[in-house]
Every structure is written in structure tokens, then in C-alpha cells.
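Enquirer: Each chain is listed here by its residues.
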Amino acid sequence: MTMRWMHALGFALLIVASGAQAQSRDVDHERLSRSLAQLEADAKLAPSVGGEIAAARAALLVLLEDSRGKKREHALYIAERRVDIAWAAAQVVDFSNRESELKRERDRLLLASARYEAEMARRELERQRMLSQIRAEEMERAALDAEQARLLGEQDTAAARLEADQSMRVAAAQAREAELARQEAELAGASVSALRARLDTMQATRGASGMQMSLGDVAFGSGQSALRAEAGGAVANLVDFVNRNPGQPIRIEGHTDASGSDSANLSLSQRRADAVRDALVAAGVEAARITAVGRGSANPVDTNQTAEGRARNRRVDVIIEDKQ
Amino acid sequence: MTSTRQKIHASVLALATLLVACGPTRPPPDVLGAAQLRLAQARSDGAPTYAPLELRFAEEKFDQARDAAADRDYRLGAQLADQSTVNSELAIIKSRLGKLRESVDVLTRENAAITRSLPEAGEGGGQ
Chain A
7 MTMRWMHALG FALLIVASGA QAQSRDVDHE RLSRSLAQLE ADAKLAPSVG GEIAAARAAL
67 LVLLEDSRGK KREHALYIAE RRVDIAWAAA QVVDFSNRES ELKRERDRLL LASARYEAEM
127 ARRELERQRM LSQIRAEEME RAALDAEQAR LLGEQDTAAA RLEADQSMRV AAAQAREAEL
187 ARQEAELAGA SVSALRARLD TMQATRGASG MQMSLGDVAF GSGQSALRAE AGGAVANLVD
247 FVNRNPGQPI RIEGHTDASG SDSANLSLSQ RRADAVRDAL VAAGVEAARI TAVGRGSANP
307 VDTNQTAEGR ARNRRVDVII EDKQ
Chain B
-6 MTSTRQKIHA SVLALATLLV ACGPTRPPPD VLGAAQLRLA QARSDGAPTY APLELRFAEE
54 KFDQARDAAA DRDYRLGAQL ADQSTVNSEL AIIKSRLGKL RESVDVLTRE NAAITRSLPE
114 AGEGGGQ
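Chains A and B supply the protein sequences, listed in that same order.
For the first sequence, my numbering assigns the number 7 to the initial residue and increments by one for each residue that follows.
For the second sequence, my numbering assigns the number -6 to the initial residue and increments by one for each residue that follows.
Isolated chain B, as found in the complex (with noise of 0.2 Å):
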């Protein structure tokens, strides 16, 4: 009796642990935030035009995300918000590429051009 009893609450216990861990688990809050602020953040250092791909990856997670979170399936709505979130973090990171890659042709035109507009060395520099 005491075996059979041991055995139910042993299988119920493992039921309900079984239930718990494969439930629906409510994400913490910050993560869709935390993911919105990277993507605004992303647009506004020009993701757009730097990394269209990236933000677009990016705004198609956080989209999933927020459904995910709508249908109550939070850890997807987790998984996709971080998704969403490096996907952001790499529309930064290669906007701030663009950038630089735009000054860095921008300087190398520039000093190309100053350095056609001085004499040869020795003609009038050194004076």
C-alpha cells in the first residue's frame, strides 16, 4: 500500500514537475524592451541605409516576439526577442561600419585631391 502510494505521488510529482517545466513561461518584461530599445536605437544609427538586411532580420524577430508574446508562448517570445535583439546589436555594429567606410573614402579622395594640389617635393614645401 505504502509502495503503491509512494508510486503515485512519485508519478504525480513528476507530472506536475513534467508540467511546470514544459508550460508556457511568461518572459521577464525587460526582454521585449530591451529588444525595442536596440531597434530604435539601430534605426536612429542608420541602419536603414547601412544595414537594411540586419534591421529587417531584426524587425521580423522583434514582430515574431511580440506575436509570440500575444499567443502567450513567452519563451518563444524570449528566444525571438533575442533574436531580434543581436540582429539589432549587428545593424549598429555594421552601420557604424558604413560610416566609417564612407569617411575613410571620403579622407582618401580629400587627401588625394590636396596631395594633387601641392607641388612636387622640393618645389615650394619645406620653405
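Chain A on its own, in the form it takes in the complex (with noise of 0.2 Å):
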């Protein structure tokens, strides 16, 4: 009865020792499956690691159907090591994702950073250049600056230089206006003398109506019928020598030369005689004796072709008649 009993009780333990092993290897098995399912869930990672978990998967078979014995702990062994495997080549391709994310992101960084880099080159470039062109502009103001300094200096100089000359300038017109004023007193004094000598070198001739004494053109201005002052020594011998015949007429006859129109020559023939009769008469020779007549042109002494002809024509004739 004992006996009995001892083998129904080894019976027992012998059927739960058996129903733990059975656990436990569906404990490991499991674990190991669910793992394997978390990781066959990601649907981003498992595509990229289908080998491995195909691999793993395998081992599992290999663990669930070795159930026991030293075949079954290798059979675990390399389950685990397979899931292992299986996770880290999905964290490989996750990090290998990130890598490329990153070189992609570094790429898009070093391209901004070298345009940034171009950009502060071109801006540092550009003040560069600035700098230059504000240094040249301050050059160049500076050398206009100078030149123009210069040439105020040369400005003053010059127009001193010029007032000077202008002052000698000046100073010479006045020294050749003076110079000129003098020899034109010179000249018109040589000329009243030499107009005085001619005059009061005339001579008394003998003519057809008797003696006579020819006043010349120069006693007259151009043109004029009043006497020079310059005449009053020829009036002074005109009236000496009237004064020399008392008592006898005097015929005073006027003659011009051919130019211009007879009556004016005529007029102006007559106005001459006149003025050389008024003279006579202011100078106490009585009126009462004188005939002042103008001829004109009629009674030419000379030809009228020439300069020196015409002025001979041109005179007035004081003659003394003879007593008939």
C-alpha cells in the first residue's frame, strides 16, 4: 500500500517537473517572439532587416522544436543571439537614416555657410573697394586742392605781374602822350611860324590893274572866311603897304580854285574879300577906298590839276589901282 502510494507521488512530480520545463521553454520562446514581433511591427525599420528576422525567426523554429537538453540551450543560446542581431541591423539602418539625414543637413549648412562666406567676402570686397574709391577722391581733391592753390598763387602773381605792366603801360601812354603832346606843340608852333613866315613874307608885284599884294589860302582855315589869328602880320602888311599909295583906290578881289561849285566858290570868294577889307578898314584904312569883289574860280593864277596849283588859286588879291 506504502509502495503504491510512493509511485503515484514520484508519478506526480515526474508530470510537474516535466509541465515546468515546458514553461520555461515557452517563456524563453515567447519573450523572444514578442521582442521579435515589436521589432517585425516597426513598419519604418523591419523592411530594411528582413534577413535578419527571417534568421532570428528561424531560430526560434530550431528553440521551439529542440525542447530539451543541451540542444536546447543552444538552440536559446543562438535564438537570443539572432534577436540580438535583428534589433541591432534596425538600429543600424535607423542610425544609418539619421546619418544620411545628417550629411543631407550638413550639405544644406556648408552650402549656406558658403554662400554666407561669398556673400561677406563680396560685402568686404565692395568696402574695399569703397575704401579705395574714397581714398583716390580724397587724393585728387587733395591734388586739385594743391593745383589750385597753385594757380590762385600764380593768379596773384599774374595779376600783380599784369598791373604792373599795365601801371608801365600806362605810365609809357602818358610818357608817349606827353612825348606827343610836345612834339604836336612843336609841330603846330613850327607851323604857325612857318604859316607867320609865309605870311609876312609877302611881296608886292606889279599886275594888270596895278601894284598888288596876294593874301594866301593860309591866312583862312579850310573851307572858312574868317581871317587866322595867325594873319595879323599879314594884315599889318597889307595895310603898310595900302598906307604906302593914300588916296588911291583898293580893289579887294577873292579867288578859289576850281573844286566845288561855282556859287559857292563864288560866295566864298566874296565872304574872303570882305574879311580882308573889314581888316584894312579896323586897321584906320578908310572904307570909302576899298571894292571887295569875289571872283570864284575865274581868275585861275595856276592850274587847278594839282595840289600846289589849287592853293595858289586860292587867295585874295589887295590891289592898288592905278589913278586913271
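Errors might be hidden in some of the hints.
Footprint (simulated), chain B over chain A, 3 or more residues, beta carbon under 8 Å [what the hints assert, rightly or not]:
| hint | segment |
| --- | --- |
| 1 | 101 to 108 |
| 2 | 111 to 123 |
| 3 | 319 to 329 |
When the alpha-carbon atoms are kept at most 20 Å apart in a straight line, the in silico SDA-like pairs for lysine to any residue are as follows [as the list claims (entries may be wrong)]:
| hint | chain 1 | residue 1 | chain 2 | residue 2 |
| --- | --- | --- | --- | --- |
| 4 | B | K92 | A | S102 |
| 5 | A | K76 | B | Y67 |
| 6 | A | K77 | B | V24 |
| 7 | A | K77 | B | Y67 |
| 8 | A | K76 | B | D66 |
| 9 | A | K109 | B | N104 |
| 10 | A | K77 | B | D60 |
| 11 | B | K92 | A | D100 |
| 12 | A | K76 | B | A62 |
| 13 | B | K92 | A | L51 |
| 14 | A | K77 | B | D75 |
| 15 | A | K76 | B | F50 |
| 16 | A | K109 | B | S96 |
| 17 | A | K109 | B | A62 |
What the hints contain is simulated information worked out from the structure, not anything from laboratory work.
If you're wondering where the values come from, they're calculated on a predicted model, not measured in any experiment.
The beta-carbon is built from N, C-alpha and C at its ideal position, and this holds for glycine as well.
Mind assembling these two chains? They're in different frames, but the hints should get you there.
Expert: Given below as C-alpha cells:
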């Protein structure tokens, strides 16, 4: 009876032990299967590690089949590593994706950095160019200032020189003017002297009507009928001439050259004859003795073709008429 | 007689089968060689740096496999060689992962440095 109970107890222990072993195997398998299922559920990573997952699944199948002894230990060892490898491969894929993304990001950043540096370099070049331009402009301005100062100095010098030159020219002009005035005065004096000499040297000659004395055209101004002041001496000679023949009638004839109209010449000759008569009367000659007539150009004494001849034709003759 | 002979023959065959099944088997020659190649690859791929624990397991398993083969325990030798191989593969993949982690860290730092060197958006970029 006791032996029976012992056999029953032993059988029960055997059943419990074999059940516990089966439960332990299931736990390892389930743990690994769960882990692998979790990886397979990752839609992003699982497709990239299909080979590793399949290898792990195969290892789990072997584990399921080898349920006892050292073969199970070996199968469990292999299955655990295969699941680890599958997960590590998935992480490799994940990090590889992140690495690729980071590389793309780095490329983008490097491009932006290169652009930024290029922009900075461009700005620096532009700054340097502007600085150079400013320096060049400053130098140009300084050169212009120096040139302007030099020109101002030259202008001042030139103006002073010009002023001095002008002063010298004015002085020279004044000197020339004074000299000309002096020469003119001398010439005028000489002319007057010559005129006076010509008038004073009049000689009485015998004409067709009696003794006569001619007063040349120099006694009158050009186109004028008034006697010049310089003709005073000549008038005095005439007065002396007529007074040497007292009581005799005096005929005064005015003559012109052939220039101009006859009427004008006649009028001018008459007025000149009148002027001489007036001068003689003024000098005390009796007016009753005097007859003044204008002959115009009717009685020339020389040719009217030359200046000298025309000058000789312009005259006033004072004639002491012979007694009839 | 026939029945007894048949029983004897069956017993002998069963014993022979058992002896053949349970006796030492010579591992395929490429199992240890393959494990050794994987181990060498793991070392050259940087496992000493990035997966030293897995590499040590692979080395230990490989040594044990070689010892088992030397002891003519080819079955155990084959299992240990497989375990060495799978540890080497794990070491290789973890080495790749370690390198990628380093690369990601470096790239992250570099990108951050480049980003810091750039002006704020709209200040100097995009022209």
C-alpha cells in the first residue's frame, strides 16, 4: 500500500517537473517571439532588416523544436543572439538613416555657409573698393586743392605782374602822350611860325590893274572866310602896303580853286574879300577907298590839276588901282 | 528460434543505431573555419572598440569549439563554433552601429557648429 502511494507521488512529481520545463521553454520562446514581433511591427525599420528577422524566426523555430537538454540551450543561445542581431541591424538602419539625414543637413548648411562667406567676401571687397575710391577721391581732392592753390598763387602773381605791366604801359602811354603833345606843340609852333613866315614874307608885285599884294589861302581856315589869328602880321603888311599909296582906290578880289560849285566858290571868295576889307578898315584904312569883290574860280593863276596849283589859286588879291 | 533470432537481430540493430546516433561525429570542416573568418572580420571591423563583450564571447566560444574538436567532441565543437559565429556576427553589427553612432554624434556637433556660425535667418542668407 505504501509502495503504491510512493509510486503515485513519484509520477506526480515527474508530471510537475516536465510541465515546469515546458513552461520555462515557452517563456524564453515567448519573450524572444514578443521581442521579434515588436521589431516586425516597426513599419519603418522592419522592411530593411528582413533577412535578420527571418534568421531570428528560423532560430526560434529550432528552439521550439529542440525542447530539451543541451540542444535546447544551444538553440536558445543562438535564438537570443539572432534576435539581438535583428534589433542591432534595425538600429543600424535607423542610425544610417539619421546619418544620411545629417549629411544632407550638413551639405545644406555648408552650402548656406559658403553662400554666407561668399556674401561676406563680396561685402568686404565692396567695402575695400569703396575705401579705395574714397582714398582716391581724397587724393584727387587734395591734388585739386594744391593745384587750385598753385593757380591762385600764379593768378596773384600774374595779376600783380599784369598790374605792374599796365602801370608801366599807362606810364609809357602817358609819356608817349606827353611826348606827342610836346611834339604836337612843337609842330603847331613850327606850323604857326611857318604860316606866319609865309604870310609875313608877302611881296608886292605889279599886276594888270596896278601894284598888288596876294594874301595866300593859309590866312584862312579850310572852307572858312574868317582870317586866322596868325594872319595878323600879313594884315599889317597889307595895311602898310595900302598906306604907302594913300588916296588911291583899293580893290580887293577873292579867288578860289576850281573845286566845288561856282556859286559856292563865288560866295566864299566874296566873303574872304569882305573879311580882308574889314580887317583893313579896322586897321584905319578908309572904307571908301575899298571895293571888295569875289571872283570865284574864274581867274586862276595856276593849274587846278595839282594841289600846289589849287593852293596858289586860293588867294585874296589887294590891288592898288592905278589912277586913270 | 526464428523469433528469438529476430529479436536478437533487432536488438543488435537498435544498439548499433543508438551507438551511431550517440557517438562522436566529425564536424564539417568549414564550421570552425567559418567561425574563424567571422571572428577575424569582427576584429577588423572594430569590434575590440565597439563590441568588446560580444567579441570576447565569440573568442571564448571559438576557443572552446577548438578544444572540443581537439577532444574529438565534434558535436559540441560544432555548437560552440556556431555560437562563436553568431557572437561574431553580433559583434560586427554592433561595431557598425557604434561607428554610425559616432558618425551621427560628429555630424550633429558639426551641424550645430555650422548653424552657430551662420547669421540669423534673413540677416545674411538667401541673398
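Enquirer: Hint by hint, note whether the structure agrees.
Expert: Against the structure, the hints come out as follows:
1. 101 to 108: As far as the segment 101 to 108 of chain A goes, the hint holds, because 5 residues have Cβ atoms under 8 Å from chain B.
2. 111 to 123: holds (count 8)
3. 319 to 329: Three-residue rule not met by the segment 319 to 329 of chain A, so violated; n is 0.
4. B/K92 with A/S102: 10 Å, holds
5. A/K76 with B/Y67: Satisfied, since the Cα-Cα distance of roughly 14 Å is no more than 20 Å.
6. A/K77 with B/V24: Distance of about 17 Å is within 20 Å: holds.
7. A/K77 with B/Y67: The hint holds at about 14 Å.
8. A/K76 with B/D66: 14 Å, holds
9. A/K109 with B/N104: 9 Å, holds
10. A/K77 with B/D60: Holds - the C-alpha atoms of B/D60 and A/K77 are around 19 Å apart, at most 20 Å.
11. B/K92 with A/D100: Holds. B/K92 to A/D100 sits at ~13 Å (cutoff 20 Å).
12. A/K76 with B/A62: Distance ~17 Å between A/K76 and B/A62 Cα, so the pair holds.
13. B/K92 with A/L51: Holds, because 19 Å separates the two Cα atoms, which is no more than 20 Å.
14. A/K77 with B/D75: Distance ~12 Å between A/K77 and B/D75 Cα, so the pair holds.
15. A/K76 with B/F50: At roughly 18 Å apart (the allowed maximum being 20 Å), B/F50 and A/K76 satisfy the hint.
16. A/K109 with B/S96: Within the cut-off at roughly 10 Å; holds.
17. A/K109 with B/A62: Outside the cut-off at roughly 48 Å; violated.
Hint check: violations occur at hints 3, 17; the rest are consistent with the structure.
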